[in-house]
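**Q** In order, the protein sequence lines correspond to chains A and B.
Each residue of the first sequence is one higher than the one before, starting from -15 at the first, in the numbering used here.
Each residue of the second sequence is one higher than the one before, starting from 6 at the first, in the numbering used here.
Where hints are given, some of them may not hold.
Stated by the list, open to error - Partial selection, computed: residues in chain B whose CB lies under 10 Å from chain A:
id : residue
1  : 20
2  : 30
3  : 36
4  : 40
5  : 41
6  : 42
7  : 47
8  : 63
9  : 66
10 : 68
11 : 72
These aren't lab readings, by the way, just hints derived from the structure by calculation.
All figures in this text were calculated on a predicted structure; none of them were measured in a lab.
For glycine and all other residues, C-beta sits at the position ideal for the given N, C-alpha and C.
This is what each chain is made of:
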Amino acid sequence: MPLWVELVLRVGGVLVAFLTLPLLVGQAEHKVMAHMQGRLGPMYAGGFHGWAQLVADGVKFVQKEDITPREADRAVFRLAPAVALVPYLLVLLVIPLGPNDLVGQPLDIGLFFVLAVVGVGVVAVLMSAWASANKYSLLGGLRGAAQLLGYELPLVLAAASVAMAAGTLSLSGIVEAWQPWWLLWQAPAMIIFFVAGLAEIRRPPFDMPVADSELVFGYMTEYTGLRFAFFLLAEYVGIVVIAALTTVLFLGGWQGPFADDQLGWLWTLLKVFAVSFVIIWLRVSYPRLREDQLQRLCWLVLVPASLAQLVLTAAVRIAL
Amino acid sequence: MSDPSEHGGSSGHGLPGAGLVKGLAVTLKTMTSRSTTQQYPDVAPELPPRSRGVIALSEENCTVCMLCARECPDWCIYIDSHKEEVAVPGAARPRQRNVLDKFDIDFSLCMYCGICVEVCPFDALYWSPEFEYAEYDIKDLLHDKDHLGQWMATVPPPPAHDPNGEPAKEETAAARKAAAARPAPSAVRPEPGADAGSAS
Chain A
-15 MPLWVELVLR VGGVLVAFLT LPLLVGQAEH KVMAHMQGRL GPMYAGGFHG WAQLVADGVK
45 FVQKEDITPR EADRAVFRLA PAVALVPYLL VLLVIPLGPN DLVGQPLDIG LFFVLAVVGV
105 GVVAVLMSAW ASANKYSLLG GLRGAAQLLG YELPLVLAAA SVAMAAGTLS LSGIVEAWQP
165 WWLLWQAPAM IIFFVAGLAE IRRPPFDMPV ADSELVFGYM TEYTGLRFAF FLLAEYVGIV
225 VIAALTTVLF LGGWQGPFAD DQLGWLWTLL KVFAVSFVII WLRVSYPRLR EDQLQRLCWL
285 VLVPASLAQL VLTAAVRIAL
Chain B
6 MSDPSEHGGS SGHGLPGAGL VKGLAVTLKT MTSRSTTQQY PDVAPELPPR SRGVIALSEE
66 NCTVCMLCAR ECPDWCIYID SHKEEVAVPG AARPRQRNVL DKFDIDFSLC MYCGICVEVC
126 PFDALYWSPE FEYAEYDIKD LLHDKDHLGQ WMATVPPPPA HDPNGEPAKE ETAAARKAAA
186 ARPAPSAVRP EPGADAGSAS
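Here chain A stands alone, though its shape is the one from the complex (with noise of 0.2 Å):
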């Protein structure tokens, strides 16, 4: 196979996953929280249990006007949105889906260009937040910066922790040496992991800098059209993100009951499809955090159990 069909090969899986399995997770996330609370959920859109309601909403984004306030700054203004879109899809593109180099581009310094991208996301709530010149996207924003720095820490030890274990950053060398033992050993380290990746993509109950009962929608207050669906995606890209993460990281990536080799892809998808349903879940059943129980969680209950799950983990590696 020629290097540039390949190439071609490659982008274009990373960029159909990028389109679809956000879609997928917004539709689950649409019916899972209407049967949680009692109700349907979309039932018109497309025929069959309204399966094309993302596609309507994605129509309706489009063709709406695209605002940008008079006195925001322009070109700040209309960047962010790409710049809250863009890291996820260089995130896509080197999580591993199965063995033998099935993904997009294997890196053997991974978790860390995974962790440094996602870090771009404070980058986009900040310029959107200060470009919108107005006071709620500005609150909203501050509170997003706020969370996104502190719970940056616990995420990253968390993923030490586990590139620690398995004694390397790419993410196809952790999962080959992942074993299913891990599940016990680096359980703190999952739960924190989970917990900060659900708040570096203000997901409720971490939805502090959107708040939309106080702040109307945070930072992304004054977006309309399709730079607000771009932030939508993005943070459905995130759900993806996060999932895919914790599953190469802490659940065993492609490793199955059977058949690895084959049906790897397989069971990746559907680890990532069952956290996503897990992080979708969360979303319905708890109330969000108050903005100092926020950062309290954050430094006084992940950081200190992350470093602890550090030092366990290095006890665990010198004495194996």
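Starting from the known structure of chain A, arrange chain B on it as the hints suggest.
**A** Below, chain B without anything else, positioned relative to chain A:
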């Protein structure tokens, strides 16, 4: 105020985090049970038998006694009639009977109290569960006797008598009539309270 640092949210007693698990269990249980949504325009709702949707008129039962119009609290029933002479063969002189010309109910005024249905001595008015008669103009909510008559087809049969309830007045009256050997003509109607002694 509880310590917000406690991730477990240990409100009260039990293991830390028990409340969080309980919350997850509630949503999961709701998800797996049937949702309560009624898909109304697609699926007709199942209304209880005594639903007060609209008042139907059985025109042949009406004797134009005007009781309904007089009892109506907001005067939304309009009745017009004229007298007709009916020559009965063999009778000494022709009988007179009332013929209904107009029987309108203004549903923009009606407050669905049902007094007219209760008060009608000849069962000319019925509740129908039909409720889809919204109009764009408030004037169109005034329905004439033909339209009210069309709703008679939607009147459900009366619900079966509750076996634990007290028997119907007609039944007790018939039973008393049968028990008394030769009832006086005035005893056809039971005295009020005679059969309701157990209820009150």
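**Q** Given residue 66 (chain B) was flagged as interface, is its beta-carbon under 10 Å from a beta-carbon of chain A?
**A** violated (44 Å)
**Q** Report holds or violated for the interface hint on residue 68 (chain B), using the least CB-CB distance to chain A and a cut-off of 10 Å.
**A** violated (50 Å)
**Q** Please check whether residue 41 (chain B) passes as an interface residue: C-beta within 10 Å of a C-beta belonging to chain A.
**A** This hint holds: residue 41 (chain B) lies near chain A, its Cβ roughly 5 Å from the closest one there, short of 10 Å.
**Q** Holds or violated: the hint that residue 40 (chain B) contacts chain A, with Cβ atoms closer than 10 Å.
**A** holds (5 Å)
**Q** Is the shortest C-beta separation between residue 72 (chain B) and chain A less than 10 Å?
**A** violated (46 Å)
**Q** Given residue 30 (chain B) as an interface hint, is the shortest Cβ-Cβ distance to chain A below 10 Å?
**A** holds (9 Å)
**Q** Hint validation: residue 42 (chain B) versus chain A, beta carbon distance must be below 10 Å. Holds or violated?
**A** Since the shortest Cβ distance to chain A is 4 Å, the answer is holds.
**Q** Checking hints one by one. Is residue 47 (chain B) an interface residue toward chain A, by the C-beta closer than 10 Å rule?
**A** With Cβ-Cβ at 8 Å, under 10 Å, it holds.
**Q** Let's test the interface hint: is any C-beta of chain A closer than 10 Å to that of residue 36 (chain B)?
**A** It holds, given that the least Cβ distance between residue 36 (chain B) and chain A is near 4 Å, below 10 Å.
**Q** Let's test the interface hint: is any C-beta of chain A closer than 10 Å to that of residue 20 (chain B)?
**A** violated (16 Å)
**Q** With 10 Å as the cut and Cβ atoms as the points, is residue 63 (chain B) at the interface with chain A?
**A** Cβ of residue 63 (chain B) sits 40 Å from chain A, so the hint is violated.
Of the hints listed earlier, those the structure fails to meet are numbers 1, 8, 9, 10, 11, in rising order.
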